[in-house]
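As you go down the protein sequences, you meet chains A and B in turn.
Those letters in the first sequence? Residues 0 to 151, per numbering that gives the first Met the number 0, in order.
Those letters in the second sequence? Residues 0 to 297, per numbering that gives the first Met the number 0, in order.
Rather than coming from a laboratory, the hints here were simulated on the basis of the structure.
C-beta atoms are modelled at their ideal positions from N, C-alpha and C, and glycine is treated no differently.
Treat the hints loosely; a few may be bogus.
[To be verified] The calculated label-pair distances, taken between Cβ atoms and stated as ranges, are:
id	chain 1	residue 1	chain 2	residue 2	range
1	B	E278	A	Q28	42 to 52 Å
2	B	K289	A	D53	18 to 28 Å
3	B	Y256	A	R62	26 to 36 Å
4	B	D147	A	S94	44 to 54 Å
5	B	T245	A	N52	14 to 24 Å
6	A	D86	B	E269	24 to 34 Å
7	A	K99	B	S80	45 to 55 Å
8	A	Q28	B	F133	15 to 25 Å
9	A	R35	B	N65	23 to 33 Å
10	A	A23	B	P196	19 to 29 Å
11	B	N75	A	D53	33 to 43 Å
[As the list claims (entries may be wrong)] Each computed EDC-like pair below joins lysine to aspartate or glutamate, with the alpha-carbon atoms no more than 20 Å apart:
id	chain 1	residue 1	chain 2	residue 2
12	A	K36	B	D258
13	A	K110	B	E259
14	B	K219	B	E242
15	A	K26	A	E81
Spelled out, the chains give:
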Amino acid sequence: MKKLAIIIVLTSLFTLAFEYSAQAQCKQQFVYTCARKGGNAIYLKDFNTKLKNDTKTADNGTRWTTVLNEGIRYRFILCIPEAEDNDIIMTLYDSQHPEKTKPWNSTEGGKEMFDFICRRSGMYYISIRYTDDSKKRKTCAVGIQAFVGKNQ
Amino acid sequence: MNLRLIYILILALAIITSCKPDEGKIDGPDTTTTQPKDNIDVTAINRIIESFSSPIEMAASIKDMNAPYSKKNLVNSDSVSNFDSNFKKALGLGMLSADLGYLNVYNRTNEIVEYLTVIKRLSDDLDIDQYFDFQTLKRLATNNDNLDSLMFLSVNSYHNMDKHLRETRRSDMSALMVTGVWLEGLYLACKINALAPSEELKNRIGQQRAILSDLVLVLKFFEKSPHFKQLIKEFEILQEYYEGVTITVEIGESKGYYDEDSVWIVDAGEKTIVNITDEQLQDISNQIIKIRNKLISL
Chain A
0 MKKLAIIIVL TSLFTLAFEY SAQAQCKQQF VYTCARKGGN AIYLKDFNTK
50 LKNDTKTADN GTRWTTVLNE GIRYRFILCI PEAEDNDIIM TLYDSQHPEK
100 TKPWNSTEGG KEMFDFICRR SGMYYISIRY TDDSKKRKTC AVGIQAFVGK
150 NQ
Chain B
0 MNLRLIYILI LALAIITSCK PDEGKIDGPD TTTTQPKDNI DVTAINRIIE
50 SFSSPIEMAA SIKDMNAPYS KKNLVNSDSV SNFDSNFKKA LGLGMLSADL
100 GYLNVYNRTN EIVEYLTVIK RLSDDLDIDQ YFDFQTLKRL ATNNDNLDSL
150 MFLSVNSYHN MDKHLRETRR SDMSALMVTG VWLEGLYLAC KINALAPSEE
200 LKNRIGQQRA ILSDLVLVLK FFEKSPHFKQ LIKEFEILQE YYEGVTITVE
250 IGESKGYYDE DSVWIVDAGE KTIVNITDEQ LQDISNQIIK IRNKLISL
């Protein structure tokens, strides 16, 4: 009984510890490297997520809200460790322009980053999702929102 | 003996489960002394809090307008001794983080160390110092050789502290941090606009009307606390001054193109028209300055 209990405790520890690390968000160094890809753009915030490989659920990504200010040019950068065939995209949208319509911009088509010239201050959404539910894999992904400057 | 082992097993599993991250999905109520209103979901409140601007954004905009650097507009680092409750410390942490953002964009490394020290003190008191790598930040500022890293780590630390508060059911503290950032950013904009008025800053201040509504919504979630109630009163007066400001958005066609560096750019195509009179701007500025100065002199 004693041995059995010890085995159960150890197995649980290893299983849960592995699950924790396997589903972890991207590390700070990776976020920093991603932010540096924006060149002179100033890092404002990041959207860091862990994506699962569960093809049975409809959960295919993560969504965040972010406030953007009119007259500012923002840069959005997507970074994924071991990127595969553009299977993950980042999209910027708002309540007037739903995500599915690919309103303004996304990293679709292999783009690593895009700039957005904001013309209306308010709440926007950022999503990071798989493009194809059948190709889900376990990975982390990070999106960066950076400040380029006022629009010329 | 067997019973003891079973207890150990249950305890170990409980510890492991409690240490798992909750993936940002917080469904239960906050368990701090501040009791939230029952009819609003804390998840929705956390969504609004996370959306607020970075502590460096207003400073970056101000620098981009070629406004000269001025330390006298920042919170005096000695004021930190006035922040004698968690309520004031969280607000102060937000305000000082916005000031740190300002110092970062102007590359004022000597002052940065001073502000890092007081931020470290507040983060210790709020028990979020594990997300503020003071030693690395201080080394980067002192060496003055990697300002990009310093700026990144400063902003990233702020977001990690803020996120940790929300994930550990201290959304009230997180709400105060973003309030401090917003207030200090707007205070700086008002001060600079008073010295060198510009249409750009005037519009920027006017457009905060919508953000203010969201902020008041968040603060009202915690209004059972007397401290929050008092702060909400001050912000409601500010809202009254904003009532006359009108913002019109004309719908337009968005367009995309590549710039000279082959970066894909999308111009949203809309046009925002802000109607704010000089008198309204003065009233708004005065109220912002009043709220901010009252908070740091408590």
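Going through the hints against the structure:
Range check, B/E278 to A/Q28: Cβ separation about 51 Å, and the 42 to 52 Å hint holds. For the hinted restraint 18 to 28 Å between B/K289 and A/D53, the CB-CB distance of approximately 53 Å leaves it violated. For the hinted restraint 26 to 36 Å between B/Y256 and A/R62, the CB-CB distance of approximately 27 Å keeps it satisfied. Evaluation of the 44 to 54 Å hint for B/D147 and A/S94 yields a failure: the beta carbon distance comes to about 35 Å.
As the Cβ distance of B/T245 to A/N52 is approximately 50 Å, the hint placing it in 14 to 24 Å is violated. Distance hint check: the CB atoms of A/D86 and B/E269 are about 32 Å apart, consistent with the given range 24 to 34 Å. Taking the beta carbon of each, A/K99 and B/S80 are about 53 Å apart, inside 45 to 55 Å as hinted. For A/Q28 and B/F133, the hinted distance range of 15 to 25 Å is satisfied, since their beta carbons lie about 18 Å from each other.
A C-beta distance of roughly 25 Å is found between A/R35 and B/N65, which places it inside the suggested range of 23 to 33 Å. A hinted range of 19 to 29 Å for the beta carbons of A/A23 and B/P196 is inconsistent with their spacing of about 49 Å. Between B/N75 and A/D53 the Cβ separation comes to about 52 Å, which falls outside the hinted range of 33 to 43 Å. Between A/K36 and B/D258 the alpha-carbon distance is near 16 Å, which keeps this suggested pair within the 20 Å criterion.
Distance restraint check for A/K110 and B/E259: the Cα-Cα separation of roughly 16 Å lies within the 20 Å cut-off, and the hinted pair is therefore satisfied. Our distance criterion of 20 Å between C-alpha atoms is met by B/K219 and B/E242, whose separation comes to about 19 Å. Restraint check: the Cα-Cα separation between A/K26 and A/E81 comes to about 14 Å, which is no more than 20 Å; the hinted pair holds.
Consistency with the previously given hints fails for numbers 2, 4, 5, 10 and 11, ordered from lowest to highest.
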